[in-house]
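Hints given; two lone chains; assemble the complex.
Now for the letters of each chain:
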Amino acid sequence: MTTFTAEAYQNEYLPAGGGEVNAVVTVTGSAAVPAPTSTQAAEIIIVDVSGSMGSPRAKLTAATRATAVAIDCIRDGVMFGVIAGNDTARAVYPQEGRLVAASPQTREDAKQAVAELKTTGGTAIGRWLALADELFAATPEAIRHAILLTDGRDEHETPAELEAVLTDCEGSFQCDCRGVGTDWEVQELRRIATTLLGTVDIVAEPAGLEADFQAMIERAMGKATGDVSLRLWTPQGATVAFLKQVAPTIEDLTSRANPVDALTADYPTGAWGDESRDYHLCVHVQPRAVGEEMLAGRVGLMVAGVAVSQALIRALWTDDEQLSTRINREVAHYTGQAELADAIQEGLEARKQGDEHTATFKLGRAVQLAAAAGNSDTMKLLAGVVDVQDQHTGTVRLKPRVQDADEMALDTRSTKTVRVKKPGS
Amino acid sequence: MDMSSSETVLACGTCHAALLPGDRYCELCGTRIGTAPDEETRAGGGCTACGAPVEAIDGDRYCSRCGVRQRSPQDRQEIDLVVAAGVSDRGRLRRRNEDALHLQTVGESGVAVIVCDGISSSLSADLAARRAADAAGAVLAEALHGEQAVFAEATRNAVGAAQQAVLEVPWTSRSDRDFPSCTLVSAVCRDGELAIGWVGDSRAYWIAGDDSRKLTVDHSWAQEQVAAGLLSVQEAGADKRAHSITRWLGQDAPDDEPQIVTLRPTEPGRLVLCSDGLWNYTPDAAGIAAQLDALPPGTAAITAAHSLADAALAAGGHDNITVAVLNVTPPGRDDQ
Numbered sequence: 001m002t003t004f005t006a007e008a009y010q011n012e013y014l015p016a017g018g019g020e021v022n023a024v025v026t027v028t029g030s031a032a033v034p035a036p037t038s039t040q041a042a043e044i045i046i047v048d049v050s051g052s053m054g055s056p057r058a059k060l061t062a063a064t065r066a067t068a069v070a071i072d073c074i075r076d077g078v079m080f081g082v083i084a085g086n087d088t089a090r091a092v093y094p095q096e097g098r099l100v101a102a103s104p105q106t107r108e109d110a111k112q113a114v115a116e117l118k119t120t121g122g123t124a125i126g127r128w129l130a131l132a133d134e135l136f137a138a139t140p141e142a143i144r145h146a147i148l149l150t151d152g153r154d155e156h157e158t159p160a161e162l163e164a165v166l167t168d169c170e171g172s173f174q175c176d177c178r179g180v181g182t183d184w185e186v187q188e189l190r191r192i193a194t195t196l197l198g199t200v201d202i203v204a205e206p207a208g209l210e211a212d213f214q215a216m217i218e219r220a221m222g223k224a225t226g227d228v229s230l231r232l233w234t235p236q237g238a239t240v241a242f243l244k245q246v247a248p249t250i251e252d253l254t255s256r257a258n259p260v261d262a263l264t265a266d267y268p269t270g271a272w273g274d275e276s277r278d279y280h281l282c283v284h285v286q287p288r289a290v291g292e293e294m295l296a297g298r299v300g301l302m303v304a305g306v307a308v309s310q311a312l313i314r315a316l317w318t319d320d321e322q323l324s325t326r327i328n329r330e331v332a333h334y335t336g337q338a339e340l341a342d343a344i345q346e347g348l349e350a351r352k353q354g355d356e357h358t359a360t361f362k363l364g365r366a367v368q369l370a371a372a373a374g375n376s377d378t379m380k381l382l383a384g385v386v387d388v389q390d391q392h393t394g395t396v397r398l399k400p401r402v403q404d405a406d407e408m409a410l411d412t413r414s415t416k417t418v419r420v421k422k423p424g425s
Numbered sequence: 001m002d003m004s005s006s007e008t009v010l011a012c013g014t015c016h017a018a019l020l021p022g023d024r025y026c027e028l029c030g031t032r033i034g035t036a037p038d039e040e041t042r043a044g045g046g047c048t049a050c051g052a053p054v055e056a057i058d059g060d061r062y063c064s065r066c067g068v069r070q071r072s073p074q075d076r077q078e079i080d081l082v083v084a085a086g087v088s089d090r091g092r093l094r095r096r097n098e099d100a101l102h103l104q105t106v107g108e109s110g111v112a113v114i115v116c117d118g119i120s121s122s123l124s125a126d127l128a129a130r131r132a133a134d135a136a137g138a139v140l141a142e143a144l145h146g147e148q149a150v151f152a153e154a155t156r157n158a159v160g161a162a163q164q165a166v167l168e169v170p171w172t173s174r175s176d177r178d179f180p181s182c183t184l185v186s187a188v189c190r191d192g193e194l195a196i197g198w199v200g201d202s203r204a205y206w207i208a209g210d211d212s213r214k215l216t217v218d219h220s221w222a223q224e225q226v227a228a229g230l231l232s233v234q235e236a237g238a239d240k241r242a243h244s245i246t247r248w249l250g251q252d253a254p255d256d257e258p259q260i261v262t263l264r265p266t267e268p269g270r271l272v273l274c275s276d277g278l279w280n281y282t283p284d285a286a287g288i289a290a291q292l293d294a295l296p297p298g299t300a301a302i303t304a305a306h307s308l309a310d311a312a313l314a315a316g317g318h319d320n321i322t323v324a325v326l327n328v329t330p331p332g333r334d335d336q
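Going line by line, the protein sequences match chains A and B. To convert, note that position 376 of the first sequence is 376 in the numbering used here; the numbers rise steadily by one, no gaps. To convert, note that position 219 of the second sequence is 219 in the numbering used here; the numbers rise steadily by one, no gaps.
Simulated from the structure, these hints should not be mistaken for laboratory data. Values in this document were obtained by computation on a predicted structure and should not be read as measured data. Each residue gets a CB set at the ideal place from its N, CA and C atoms; glycine is no exception. Hints may be right or wrong, so weigh each one.
[Unchecked claim] To give an idea of the chain B side of the interface with chain A (calculated C-beta under 8 Å), a few residues: (1) C50; (2) Y62; (3) R65; (4) C66; (5) G67; (6) V68; (7) R92; (8) R94.
[To be verified] With the C-beta cut set under 10 Å, the calculated list includes, among others, these residues of chain A facing chain B: (9) W233; (10) T234; (11) P235; (12) L263; (13) L312.
[Stated by the list, open to error] Computed spacing ranges between beta-carbons, pair by pair: (14) B:S120 / A:A137: 53 to 59 Å; (15) A:G17 / B:W171: 36 to 42 Å; (16) B:G146 / A:T3: 57 to 63 Å; (17) A:F242 / B:L93: 24 to 30 Å; (18) B:P170 / A:P259: 36 to 42 Å; (19) A:G171 / B:P53: 33 to 39 Å; (20) A:P15 / B:T246: 38 to 44 Å; (21) A:G291 / B:P170: 27 to 33 Å; (22) A:E339 / B:L93: 29 to 35 Å; (23) B:A56 / A:A137: 38 to 44 Å; (24) A:Q403 / B:L93: 52 to 58 Å; (25) B:S120 / A:A211: 49 to 55 Å; (26) B:E142 / A:H284: 55 to 61 Å.
So here's chain B without its partners, still in its complex pose (with noise of 0.2 Å):
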């Protein structure tokens, strides 16, 4: 059998493992392949625009001859894993993206997801995301190789290894930034079972037609104003001071105890985790719902996550968007 030159090269660019040709993600880590004709062309390392070799391309990622900014991998990032996906995107305005999405599979039915959005009066905000996203992944990620695994304590456990990460992260002190900072929201889930845990104002909601709901609550000085009866949801939500959280992690954290929730839905469901930059548009349960209930039945739980991020972009899309969404079935519902 002949072998074709394109077919030795193809490998994801993520974890490296071989692909198949028309592959559109990687089997093994769910990167999507190909997501845009010029990240393939900058895989050769040149300006996408004109074509300029890699080292016009500036540390700021501008190319030093036509100035065009090369798109960065962070911009744009989708993983599929079938019962799971999630897309995290630069949106319309940042400069980068500062979210974080960590998605993981285990065994049979064990799903672990995290978003973290770095906060951006922060220094190396998109670092201090990543690292807590795959700290607290992999912490879940080993619990659900146990048999007997407790989801809330092992969600401590991982946002206790997401704060440490954070604290590792390098930075130089500049007057005007604070110390590397990020928000989490996680969901380990396993036969229908499902723990959320949050620091911060990333979200969960339980999207299961009228019994759609928010899962968590902001720590966030809305929040706060709305809890203590001061203020109605949207006065609160109306004030400059609406995104400021109460809590977080990084050095100057006031604590890093995560609130949790634990679920056992017995009908099925959509678990939906995002960053404020989707919850913006829509910040009622109600109206994911609504959402999600537009697309046809069976719709692959990748797609869905693409409606909800591309719904985001296109009301403006002013800070970056990350969803994850999980299809959660009941034990003995499944009616595949």
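The following block holds chain A by itself, in its conformation from the complex (with noise of 0.2 Å):
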């Protein structure tokens, strides 16, 4: 089991007349045992073998290498399986639509399966999670977790089928999604990621998808606590402006609130584990008097429909300019962060669009926010789109040539964030 604290950081002086409450809430799962052996989990390898994973021939030696190192991290006990997509979806391994539990014996015969797998049809990604939703509902009690591995676009079935499916999706299990090469689409998988509360990234090497792989798995065999909400409670009268996870990436909650009740909703957050994320939320109030009170907001964690922690929001009304002017600094980072997110995902559209002076104006403005932020990685992604002639001003210039590659990656860690330096650390 994991116990979880939560912390608001915010500047909680309003002026006179001010509406609008700012917070950073940063809540902190600290799991009591580090390996959880006894929660129960569940997981599902989703391995594309449309025809186009067969060429080059690497791309599917490299994914069947890469789910065997995945099947060789799941710990004994874990219910799992292994599902081969293309226009339509296949248990690969069981082959009897359920899950098996894993030991050597299990493992040994999953990639035995898998070494087998072959290459033919199109890309249906609907299908596949469709199967995946149906061999999980088995273990409703498990922590359920899958990995989507794709190389194209969902080709073989409506937009509509795909929505369908990750509607009934929803909720039931996380999946995080890999794109190997570049013919597919960003938007569609980070749109999957994003309704199953996983990530998505690039492989662009399929040499890079073992460690990539068991990277994942790892994560979701740390995970402890499965199905936590946070419970936001706002004040009549209240709107809820937004409510975003900023870190470790920028995920926009706002549209999943599940009302409770007529003041408080609840935003599912996946599975926890030794982790911390930030939460960054705007609420807008209606003013009061200078010198009173309001509790802006309470932001708990419900766990299995248990309260367990909570951090209040304030709003405090004065005329001191001193105090109502000041901005929080973790809300002022995430703040920064969440637009250099927006500057590179327009930016790049720009690029896309032949609009160079948009591109140009974006990505600079991108380059200046990732320098003042400190956020390296974000920069050296940067790099491989434009040439930074200035990154204090966000001069630059687009590249003529850009890799497909460099370009995918930046737009696929776009929302990945850098966390406030504490100080003195």
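Here it is, written out as structure tokens:
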């Protein structure tokens, strides 16, 4: 089991007439036992076996090898299975339409089955996910996690078909998505990963798959507590402008609210292990008189329907401008990080549309923000698409020739944030 | 005679004594009646902002419907006993009022005044201050009932009782908080004879024109630096340790012996007791004297206390503010 703490960072002072309250809430989960062997878990690996995976041949080889490494990381007793997907979905292991408990024997059998995979046909990701959802249904108590690997676009079903499946799967299991090569759609995989509370990333070189699969499985196996929700209470007359996860990645949760009562809503956050995540909350409240104080929000954690920890967001009206104009550093930091992610995505989109002026402006702003926040990983990725002339003023020139992989890596990783440096550390 | 329902319910919220319509202060305990309109509404129990029922008010006094924080009676305490009066205010920034004020008259001319300042880094600081002030007040009142009271000794006993009261404040351990603790400054007065006792940095001033002076010497880091000749008053006051106190009441207190001064003024004047939330803005006796001299002659003690507290609020009110004013008239100088 995981223990949770929630802590709020904010400037609680508002000027007379002000009503916008911003706060960053840090939620930290600490697993009491590092390897939660007692926690029931279920894992499904979904491998794309469409025709394109066979050219070059190295793609399928890398995918099967990575799947084998992932299978080896599944600890004993975890219910698992492997699905092969093209324009249909097929349970590769076990073949009987159920999951099996991991053991030295079943892991060996699974790797054997994966080694014999052949490529043919198209891509219909919705059908793969639907089969996974069906298999997971037998383990409702477990923390359910899937890995989805694909190299192409979802071409052999309609977007509406995929949407319908996503709606069914939402809340049923979490799914990390990986695109191999550069023929897949960042927007498409991001949509799937975001809905299923997972991550999305590019594995440009098939050789990089093994380490990535291993890391994903280890992270999934480290989750000790499933189905954790943020419960947000806001006062009567207030509106939630947004609630975003801002670290380790930016995910806008605003539209995921499940109302509990008129003033309270739950936002699903998936499974938790030993980790810490930051959330940026922005609430608009009805202004009160100077000197008055209001509780603008209460952020709690719901684990299996039980409230475990909460942080209070306050609003205090003052006529002291020194107090009300101060911007809390956590809030400022993540506001900048969110702008950074937007600037990258908008800049890349403009570049694709041939709007060089907007692309240069947006990506220049991104360079400036990444430099200011000390986000060196994003800086490196930006350097793949622009030549940086002055990072402080955001002066850049678009590169005439850009590797697709560099552009897709920047796009998929644009939502990765760096955390606020704590003073003295 | 008709008895309207509004008359039958009039009683003091503090001591429950019967009140007459139009009373602004309770005759018995001096509590101000109907301080703010929303406090009267609060007597009904519901939220003063949205009218939610009393069950909607949570432990931190937030309304669980509209979020508005309910004022606490401790946010602003006013006591007027004519000869002496005081104000204790939460200030503009602190979440709670952790200062406490105790004022009491005994017999014809006996007065006991205590100001305590709960130490904000300690647990239950508000409760420590409240109990210390009331415990010390009870001992001083008892002494004033006697004919031959030795005020210095009564003050020593009062501070001992206050220390005992702070020790009995319930607390649960928290690594980031100290034991319940507070400062104390007390005054006991009868027939123009005064004894002042203190522990910590709450202060007493004698205000009488050119003879105005500070009576207490802070038990604080800043004062020790100045006394040792290491820093000037300005330098010490600017240091971030300036407000670190070196003596207090509580479980980990170095000792509970108060420092005591006695005086027998020959001219009429005012005794002012206050917490650092007040003197931070006017540290010198001359500054306080100037504020009081600006008031019309014969100004009531409660008006003088209001004036001093309001000046500290206007200057920022960064801490809890408590001030008590006691009019002292030497025997035979009674001009009334």
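Status of the hints after comparison with the structure:
1. C50: holds (7 Å)
2. Y62: With a minimum Cβ separation of about 4 Å from chain A (threshold 8 Å), the hint on Y62 (chain B) holds.
3. R65: Nearest chain A Cβ about 5 Å off; hint holds.
4. C66: holds (5 Å)
5. G67: holds (3 Å)
6. V68: holds (5 Å)
7. R92: holds (7 Å)
8. R94: violated (11 Å)
9. W233: Result: holds, 8 Å to nearest chain B Cβ.
10. T234: holds (8 Å)
11. P235: Check passed: Cβ of P235 (chain A) comes within 3 Å of chain B, closer than 10 Å.
12. L263: This hint holds: L263 (chain A) lies near chain B, its Cβ roughly 7 Å from the closest one there, short of 10 Å.
13. L312: OK, holds: L312 (chain A) within 10 Å of chain B, min 8 Å.
14. B:S120 / A:A137: 53 to 59 Å: Cβ of S120 (chain B) to Cβ of A137 (chain A): about 56 Å, so the range 53 to 59 Å holds.
15. A:G17 / B:W171: 36 to 42 Å: holds (41 Å)
16. B:G146 / A:T3: 57 to 63 Å: holds (59 Å)
17. A:F242 / B:L93: 24 to 30 Å: holds (29 Å)
18. B:P170 / A:P259: 36 to 42 Å: holds (40 Å)
19. A:G171 / B:P53: 33 to 39 Å: Holds, at about 36 Å.
20. A:P15 / B:T246: 38 to 44 Å: At roughly 39 Å between Cβ atoms, T246 (chain B) and P15 (chain A) fall inside 38 to 44 Å, so the hint holds.
21. A:G291 / B:P170: 27 to 33 Å: At roughly 31 Å between Cβ atoms, P170 (chain B) and G291 (chain A) fall inside 27 to 33 Å, so the hint holds.
22. A:E339 / B:L93: 29 to 35 Å: holds (32 Å)
23. B:A56 / A:A137: 38 to 44 Å: holds (42 Å)
24. A:Q403 / B:L93: 52 to 58 Å: holds (56 Å)
25. B:S120 / A:A211: 49 to 55 Å: holds (52 Å)
26. B:E142 / A:H284: 55 to 61 Å: holds (57 Å)
Consistency with the previously given hints fails for number 8 only.
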